[in-house]
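Protein chains in written order, with the working numbering: chain X, 1 to 250; chain D, 1 to 250.
The reader is advised that the hints may include incorrect statements.
Chain copies aren't distinguished; within one or between two, either way the pair holds.
Taking lysine-lysine pairs in the DSSO-like style, the calculated list, with each CA pair at most 30 Å apart, reads [what the hints assert, rightly or not]:
1. Lys224 to Lys49
2. Lys150 to Lys30
3. Lys224 to Lys196
4. Lys15 to Lys233
5. Lys3 to Lys16
6. Lys202 to Lys3
7. Lys49 to Lys7
8. Lys15 to Lys150
9. Lys196 to Lys178
10. Lys216 to Lys201
Derived from the structure by calculation, the hints contain no laboratory data.
Protein chains: 2
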Amino acid sequence: MNKAIIKHINKLQQKKYRNEFGEFLVEGVKGVGEALEHAEVQQLIVDGKRRDEDQLAGLILAAQKKDIPVEFAGHNEISDIKATETFSGILALVSMHDNDLEDLVNDMPIICTVGVRDPGNLGTIIRTADWFGISNILLSGDSVDAYNPKVVRSTMGSLFRANLRESEDLVYDLRLMKDDGYEIVALDMKGDDISKLEPSKKSIYLFGSESHGVDKELDSLISKRYTIPGAGKAESLNVAIAAGIVMSNL
Amino acid sequence: MNKAIIKHINKLQQKKYRNEFGEFLVEGVKGVGEALEHAEVQQLIVDGKRRDEDQLAGLILAAQKKDIPVEFAGHNEISDIKATETFSGILALVSMHDNDLEDLVNDMPIICTVGVRDPGNLGTIIRTADWFGISNILLSGDSVDAYNPKVVRSTMGSLFRANLRESEDLVYDLRLMKDDGYEIVALDMKGDDISKLEPSKKSIYLFGSESHGVDKELDSLISKRYTIPGAGKAESLNVAIAAGIVMSNL
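Pulled out of the complex, with its shape left as it was, chain X reads as follows:
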């Protein structure tokens, strides 16, 4: 295996190189399988010693059928790869795919994260949306990016079914959507009881990061606010839990 490939892989741990090359990493059998099915895979890297294991052999075959190059890595090469955790036998280099705003205009609501910086939280939100059949995900520019390896892993394959847009100017995007008839709905501490929420397909549901709440700049665009009523003393709900509860009401 070419040393340049390992260098390239390790660079893709960083956002600036992911954006430069338009590629990101997917680790593990489950994620790579989903990527081969739903995304544009550039290359597979497989632990050469484990190539005959059933699951890995199946993925290698699937890649070869699509003329996707497969590289086999030796022991030393694997130890040079900076994977999220220990190298899980297989990884894929996958093309990033960002959508235009109009690609999110379809027969479904939109989940929008504002400044969600924890990769596990963003990944879990994307996975939960997929569970409820919601594919439209709009991310503010200051959210962790969806191609961060920890986000990718915690989406458990749901990333590849998401209809994703990373917005460079969220206020601008939301204004356009509002002009198009969308209702901007936010979860915060001072809204109506969430049980009163009436689901609508032309709605954008905002989830702000816990420490900041929903951005003040967006305030004027929000037409409805809901609260998940609590009975205890906890200061707040985790943003992914809050999003999950809202989505279960849609």
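Given chain X, work out where chain D should sit, using these hints.
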């Protein structure tokens, strides 16, 4: 500051030493504040250079009022402390408090985790329960322990308001509770729609780890099963999200 204290602190990163000493670590202003209010704090360790900062000075005063010893650490000592992330200026050594089964018998339902190994998931479940005013938490022996530093941190202080029991034999505990009139309710893939759940205070809600589902051994004890209906292609919901949605229905 005594070197033995640093050794002791670092040992408390490991479960076997936490159990041996009956103590665990709480890091950061928020957690230490909650510990001083709700738990038995043995000792505070404070970054000596930062002792005059408002928040830290307030906590030092609160500790001194309760005759809790406060140690000030110098630069070198701090770099010897293995905290979860960078040392956040303050940490507390706190006594572990495990409850008997009968301590969980009160006017509230019980949240029970079965084999939940991810610290972030367990911490988030405890925090979410606190949000909904549910303090009774029963953990199976193969769950991550609640005093793991990552669990402590992700409960965001809710740990100290929890009425917690780590069960050594969950099947035995659940049998006793069932004999006492409790209903064992599980979330799984083949139950009734969660919207049909009728909350009861004499219920124990089981949440299994994602890869195993609820333990087969417990099967015979479960009298009701519910499902969170999904419309998408995700294989499963994250266990903390599932627990959050169930708790929002209680």
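Outcome of the hint check:
1. Lys224 to Lys49: This pair counts as neither: shortest intra-copy Cα distance 56 Å, inter-copy 47 Å.
2. Lys150 to Lys30: Both, since 14 Å and 26 Å are each at most 30 Å.
3. Lys224 to Lys196: Classified as both; 11 Å inside a copy, 27 Å across copies.
4. Lys15 to Lys233: between (38 Å within a copy, 28 Å between copies)
5. Lys3 to Lys16: For lysine 3 and lysine 16, only the intra-copy Cα distance (21 Å) is at most 30 Å; the inter-copy one is 43 Å.
6. Lys202 to Lys3: Neither: 49 Å inside a copy, 62 Å across copies.
7. Lys49 to Lys7: Intra 21 Å, inter 42 Å, cutoff 30 Å: intra-copy only.
8. Lys15 to Lys150: Both: 12 Å inside a copy, 26 Å across copies.
9. Lys196 to Lys178: Within. Shortest intra-copy distance 22 Å satisfies the 30 Å Cα cut-off; inter-copy 35 Å does not.
10. Lys216 to Lys201: Only inside one copy: lysine 216 and lysine 201 sit 25 Å apart there, 40 Å across copies, limit 30 Å.
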